[in-house]
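Based on the hints, put chain B in the right spot on chain A.
One line per chain: the protein sequences are A and B, in this order.
Going by the working numbering, the first residue of the first sequence is number 1431, and it counts up by one from there.
Going by the working numbering, the first residue of the second sequence is number 160, and it counts up by one from there.
Fair warning: there could be bad hints in the mix.
To be verified - From the derived model, a few chain A residues whose C-beta atoms are all more than 12 Å from chain B:
{"id": "1", "residue": "ASN1467"}
{"id": "2", "residue": "VAL1499"}
{"id": "3", "residue": "VAL1547"}
{"id": "4", "residue": "ALA1570"}
{"id": "5", "residue": "LEU1586"}
{"id": "6", "residue": "VAL1588"}
{"id": "7", "residue": "VAL1602"}
{"id": "8", "residue": "GLY1608"}
{"id": "9", "residue": "PRO1712"}
{"id": "10", "residue": "LEU1724"}
{"id": "11", "residue": "TYR1727"}
{"id": "12", "residue": "ALA1728"}
{"id": "13", "residue": "LEU1781"}
{"id": "14", "residue": "GLU1800"}
{"id": "15", "residue": "GLN1838"}
{"id": "16", "residue": "GLU1859"}
As the list claims (entries may be wrong) - Subject to a maximum C-alpha distance of 20 Å in a straight line, what follows is the list of computed DMTMM-like cross-link-like pairs (lysine to aspartate or glutamate):
{"id": "17", "chain 1": "B", "residue 1": "LYS182", "chain 2": "A", "residue 2": "GLU1837"}
{"id": "18", "chain 1": "A", "residue 1": "LYS1461", "chain 2": "B", "residue 2": "ASP215"}
{"id": "19", "chain 1": "A", "residue 1": "LYS1821", "chain 2": "A", "residue 2": "GLU1837"}
{"id": "20", "chain 1": "A", "residue 1": "LYS1486", "chain 2": "B", "residue 2": "GLU245"}
{"id": "21", "chain 1": "A", "residue 1": "LYS1461", "chain 2": "A", "residue 2": "GLU1789"}
{"id": "22", "chain 1": "B", "residue 1": "LYS182", "chain 2": "A", "residue 2": "GLU1793"}
{"id": "23", "chain 1": "A", "residue 1": "LYS1879", "chain 2": "A", "residue 2": "GLU1750"}
{"id": "24", "chain 1": "A", "residue 1": "LYS1802", "chain 2": "A", "residue 2": "GLU1837"}
Just so you know, these hints were derived from the structure itself, not from any lab.
Even glycine gets a Cβ: it sits at the ideal position worked out from N, Cα and C.
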Amino acid sequence: MTILSPTSTAVLYLVAAICFILALKGLSSPKTARRGNLIGAAGALIGVVTVFLSMKLDNIPWILAAIAVGSAIAAPVARRVQMTQMPQLVALFNGVGGGAAALVALLELSHTDDPWVRLAVVFTLLVGAISFSGSLVTFAKLQELMTTRPIVFPGLPVIMAAALLAAVGASVAVIMTGNGWLAVLLLVFGLLTGVLLVLPVGGADVPIVISLLNAFTGLAVAASGLVLGNVLLVVAGTLVGASGTILTRAMASAMGRSVTGILFGAFKGGSTAGSTVASDRPVRSSSAEDVAVLLGYAQKVVIVPGYGLAVAQGQHTIAELQSELESRGIQVVFAIHPVAGRMPGHMNVLLAEANVPYESLKEMSEVNPEFKTADVALVVGANDVVNPAAKTSPGSPIYGMPILEVEQAPQVVFLKRSMRPGFAGIENELLFEPQTTLLFGDAKESLGKVLAAVKAL
Amino acid sequence: MDGIALLTITVLSVFVGFEVVSKVSSTLHTPLMSGANAIHGIILVGAIIVAGQAADGWTLALALLAVVLATANLVGGFVVTDRMLEMFRGRKAARR
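So here's chain A without its partners, still in its complex pose (with noise of 0.2 Å):
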């Protein structure tokens, strides 16, 4: 059915656009974030009835199904999953999003002649590969089905460029010939460059490689729109294309690292091949009892909460140790790296859920000086973020990296698992610093053992 005249389609498909500025705008500030992710949804609504509503389709009845068998995957995950799981789940779901465009751009190969359509076809076939194959290599890593740690063999940059070159060639022959199994040939050579390129990038870079994928579908969509002619695809996917890309270099930089370092840097060896082996010299560690009375007797504690503190998903531990002592007239305030957490801002989310106050979560910035008049620095599950070497070593892999100055409090405790390095590979100088006490084990464990200690007080 055409119910629309291309004209009121046309409008349609520019409010559903204006809706995504606008959901994008909104998301830039935590008082507008939640209205503007509201006003993305309602147009997405808006370009979907609108294409029902515009063209004369066939299968409608098959279409609606699966877009109700789609939602109800999608829906009761995304409302379930945990938070400590979003990473990974953003990973999926962008992967599947770009599998669909590239899907999408298979299936519109053989309605065209057009060699300039057929570059469209080709460049959103390769890039939705790229991003469909990579996301879920980014999944199994943060679900931790395979390992976090860069993965790197000899001959992998060999491979990875006669992927790229056979890509390209086929491309090449795509665009020449419009032939479809050429097309899937390339498909194959796309999803295989996705892996390629994300098996190198370990640790805490996954997040930003997430992040650039997500570029990468917003303009695999974006293409797709050019060859379908559809406004819409063509301005949702060129935005999400460049926001994600500053997006990306945000995050990149809030670790002081760069985007390339990210993702070729495993090969050369240097900055992400870092050690794992557990340092032998001697640290002092004590109980949860001692680090319960250096906090129950403190008059001003800063926490600064890690990775560790995620994986061990103790965020409600830490927000009933806060009350704990705040309710014995302690100041507590929580010090927060950009990039602590699994991803960027994901600790803020985290803390958040398990009802922490806003206003005692401080950006770097705002309590570097503040260590300095605390009385003891709780550090839980971080490390690299932490470490004096970004300031002071510049052989360091860190170096550079904006990091929370904890080295300036009185009293530091840290909560480790293990004398196992962080991701970056390097030890922490901080941990043998006379003022330095460790508490080994499980952050979720450990913060119990205390939050008991401190109420026992």
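For chain B alone, coordinates are given in the frame of chain A:
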């Protein structure tokens, strides 16, 4: 629509995209990533078009797979972003 008009729109969208998120605070990096992720789920519109024009069984099957994937991206993306942002609001409500 002709190619030049589409190209114009594409280029302008790049600038809008750069502009709207140029000063995002690191607190919102994750929700913004997730929100942008949801928006590219609008590929659903493209998937619906190819499914609606599918003439044979194979094409239809692949197109319907694209519809399922795109819907998962779109619906899941918006729901997950909303859940994250709901917590930001909850934090203010829990002010002591």
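Cross-check of the supplied hints:
1. ASN1467: violated, 5 Å
2. VAL1499: violated, 5 Å
3. VAL1547: violated, 9 Å
4. ALA1570: For A/ALA1570, whose nearest Cβ neighbour in chain B is about 18 Å away, the distance exceeds 12 Å, so it holds.
5. LEU1586: holds, 27 Å
6. VAL1588: holds, 32 Å
7. VAL1602: Label holds. Min Cβ-Cβ 21 Å, cutoff 12 Å.
8. GLY1608: Fine: 16 Å to the nearest Cβ keeps A/GLY1608 off the interface.
9. PRO1712: Fine: 36 Å to the nearest Cβ keeps A/PRO1712 off the interface.
10. LEU1724: Answer for A/LEU1724: holds, closest chain B Cβ roughly 24 Å.
11. TYR1727: holds, 23 Å
12. ALA1728: For A/ALA1728, whose nearest Cβ neighbour in chain B is about 20 Å away, the distance exceeds 12 Å, so it holds.
13. LEU1781: Non-interface label on A/LEU1781 violated, nearest chain B Cβ at 8 Å vs cutoff 12 Å.
14. GLU1800: Consistent with the label, A/GLU1800 stays out of reach of chain B, its closest Cβ about 18 Å off (over 12 Å).
15. GLN1838: For A/GLN1838, whose nearest Cβ neighbour in chain B is about 22 Å away, the distance exceeds 12 Å, so it holds.
16. GLU1859: The assertion about A/GLU1859 holds, with a minimum of 26 Å to chain B.
17. B/LYS182 - A/GLU1837: violated, 30 Å
18. A/LYS1461 - B/ASP215: Not OK: A/LYS1461 and B/ASP215 at ~49 Å, beyond 20 Å, violated.
19. A/LYS1821 - A/GLU1837: Answer holds: A/LYS1821 to A/GLU1837 is near 12 Å, not above 20 Å.
20. A/LYS1486 - B/GLU245: Distance ~39 Å between A/LYS1486 and B/GLU245 Cα, so the pair is violated.
21. A/LYS1461 - A/GLU1789: holds, 14 Å
22. B/LYS182 - A/GLU1793: holds, 16 Å
23. A/LYS1879 - A/GLU1750: Distance ~12 Å between A/LYS1879 and A/GLU1750 Cα, so the pair holds.
24. A/LYS1802 - A/GLU1837: holds, 9 Å
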